[in-house]
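Colleague: If you want the building blocks of each chain, they are given just below.
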Amino acid sequence: MNPIREITKAIRATLVLWLLVAVIYPFAMLAISQAAFSYQANGSPLKNPQGQTIGSALIGQPFTSDRYFNSRPSSTSYSTADPNQDTAGILKTGVSGATNLAPSNPALLDRINGKTDPDPKKAIAGDLPRLQKAGIKPTADLLYTSGSSLDPHITPEAARAQVQRISAARNLPTNRVELLIVQNTDDRFLGIFGEPGINVLKLNLALDNLR
Amino acid sequence: MLAHRTDEEYRIMLQGWLQIGLTLALIVAITPIFGGYIARVYLGQKTLLDRVFQPIERLMFRLSGVKPETQMNGWQYARAILYSNLAMAILLFAILMLQGVLPLNPTGLGAPTWDTALHTTISFITNTNQQHYSGETTLSYFSQILGLGFMFFTSAATGIAVAIAFIRGLTGRPLGNFYVDLTQAITRILLPISIVGTLLLVAAGVPETLSGPIVVPTLEDPNLRQAIALGPVAHFEIIKQLGENGGGFFAINSAHPFENPNGFSNLIQTLAMISIPTSMIYTYGVIANNRKQAWLVFGMVFIIYVGFIIVTAIGEYQGNPLVNSILGSAQPNLEGKEVRFGWAQSALFAVTTTGTMTGAVNSMHDSFMPTGGFVLLSNLFLQIIWGGQGTGTAYLFSYLILAVFVTGLMVGRTPEFLGRKIEKSEVVLTSFLLLLVHPLFVLIPGAIALAFPDQLAGISNPGFHGLAQVMYEYASATANNGSGFEGLADSQPAPTALWWNLSTSLSLLGGRYIPIVALLILADGMSRKQPVPFTTGTLRTDTILFTSVTAGVILIMGALTFFPILALGPIAEGFLLAKGG
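Protein chains in written order, with numbering that gives the first Met the number 0: chain G, 0 to 210; chain Z, 0 to 580.
Please note that the accuracy of each hint is not assured.
[To be verified] For lysine to aspartate or glutamate, the following EDC-like pairs were computed, each having C-alpha atoms within a straight-line distance of at most 16 Å:
#, chain 1, residue 1, chain 2, residue 2
1, G, Lys-121, G, Asp-109
2, G, Lys-136, G, Asp-207
3, G, Lys-136, G, Asp-118
4, G, Lys-46, G, Asp-207
5, Z, Lys-66, G, Glu-5
6, G, Lys-201, Z, Asp-49
Hints in this document: simulated from the structure, not taken from any laboratory.
In this text, all values refer to a predicted model and were calculated from it rather than measured experimentally.
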């Protein structure tokens, strides 16, 4: 066969396949998904009573104060920024990311333990001192950063370790707080696949809604 | 170490092994059903989807000028692959460079740098999906849907076509027509499963929308805003896994809650990425009419695969000794891991994604314990713990040919495989293909990068782990895997990005097209050989003994080539951690 005909065939086949799998397939899937699963297809939004979107049921948010269940440390602070100082453009696109620290990297222990340095820019507060100050017994998930930096969950142990503090700060009986934890736990699929996690944003919203 | 565990910890550990075991059982159960189906498709037998897809295929062939009954020889088949892949690559490169003026760009992104676009094009055309960019901040929806999404199907289908042509050649049949095999891989295998998979993933919570990111005030501090990236993720995600592609819609891939929100979506993704390479082994058994051999080869790979999972999972479960001493108890290593996946599903996913050359990640490989790093690197070096879409299966059977030759030498018989003599040209081609190409494109650029650690390498983790970061990147590129020890400074605007984009591009191309051409020539030669009659003196290749010898050949060859890297990388790091950092 002559090369010109082979090349023409290659180009024609490319365009035909492109039409099928890069045009017809995705746009058909978009139409069906929007029609059949509009909530999930649009990012599982959480809305306040006024109907404004205040977050996503699948994406975590940063929580470090006493009044809220603390979430996991995050390398992107859960894709958040102060709108007046967003020089990196985080709020334009949203981000995800991880530390990629090796288990042998000294920076991992510095991040956990904190580090003093005469130069305040190089000093690290450390997650362990923060948890100890708040009276939370550290668990693995509260010391290690997540894969996505958006992890919506903490482990049941991490939630239990914060019950006393929350009930004291909010003046609530502990069994009331424990009940909310149970209500906001995402279980394993079929009770088998994956690990149970407490959705921190939903749990903290539920705490606020008790008022 | 296990002696001090409480009952509760034993229960957690057993539950982890249970979910891994059940997933493995599902994989084994899918293999004969799906593998049998693929064989029916390519033997031209009746299948359920004929009535829907035959008219569509006929139309596609007419529009592209393909005469389905025309047979191709090895070189014609190879040329059709190279020409079509080149046409696709030019289309993708043009889309990426014109991104700024094309529609479906809600965040107003401009074109990526030329080297990023070039690397991305080569990375996706070769079914690798090594990513030196972050999806959210670099690519528009147009580039993702109409550019990368296109490669997800075609690069996977190219691999399937190569495997089918290879199997046909080994069994003495003509190789077939590339365009027919390519089209049917899409219409009969990838597309129908993707349609069902998209709907399952959307139902599980994966977004599928053209809207741009949502910005919301955070609950704790209303002055702080959170940007939630969205997109047409679900249809992209399923073929990303099924085609062993692995290029995430978002920077952080299947760890992102929108790509992989829960245990259900994670199960779908795990099964999707491994089903085709496991099933293709069975497809071979049906086409060669020797299911026993298929199960033996399957069993050989399965045993290594399970061993690798156990080693990785134990390491992650026991955790990092340096952090455990802070915690006061042994807890899993959750650095770079999501709570919903934990140690078990993260380890299973990591071993599967590196073994199958998918390269998607649901946890960060850079942060795995050295035992995990050892396994993941070994997967990339061996390339057949299931292996790439189609190509992995072809490698596996090339190893059988090599083992036939080695055992033939040992017992002094003329080596034969499937009733065909293995002669000089077969031995030269298989050894070139299996033993030379891979180390060449991994070790040489790796050595160059390491010679200039500051100017070129951009290592982020100090010490032994840094060596592993560099070698992992080239092994991942050459094996067409795409995962990475992602701390490496390989993305623009890092000063080392240009080096990484260009040098890995060479490894990507070399690791893809040289083996494909060699496989097709090998298959072509085998298909033309006169069959020799089966006698009592023939060395049987469908026995446990022969399969064990094959496993030995694979492991010894792999160890001889790559063990120094494993020793200086993860093994040394493991000893360092054991002695306390």
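Colleague: Hinted pair, alpha-carbon criterion (16 Å max): Lys-121(G), Asp-109(G). Please report holds or violated.
Modeller: holds, 11 Å
Colleague: Has the given pair, Lys-136(G) with Asp-207(G), been kept, meaning a C-alpha gap of at most 16 Å?
Modeller: Violated, at roughly 24 Å.
Colleague: Regarding the pair Lys-46(G) and Asp-207(G), is the alpha-carbon distance no greater than 16 Å?
Modeller: holds, 14 Å
Colleague: Check the hint pairing Lys-66(Z) with Glu-5(G) against an upper bound of 16 Å on the C-alpha distance.
Modeller: Between Lys-66(Z) and Glu-5(G) the Cα gap is close to 12 Å, so the pair holds against 16 Å.
Colleague: For the pair we were handed, Lys-136(G) and Asp-118(G), check the Cα-Cα distance against 16 Å.
Modeller: At roughly 30 Å apart (the allowed maximum being 16 Å), Asp-118(G) and Lys-136(G) break the hint.
Colleague: Between Lys-201(G) and Asp-49(Z), is the straight-line Cα distance small enough, at 16 Å or below?
Modeller: violated, 48 Å
Checked against the numbered hints given earlier, this structure breaks hints 2, 3, 6; the rest are met.
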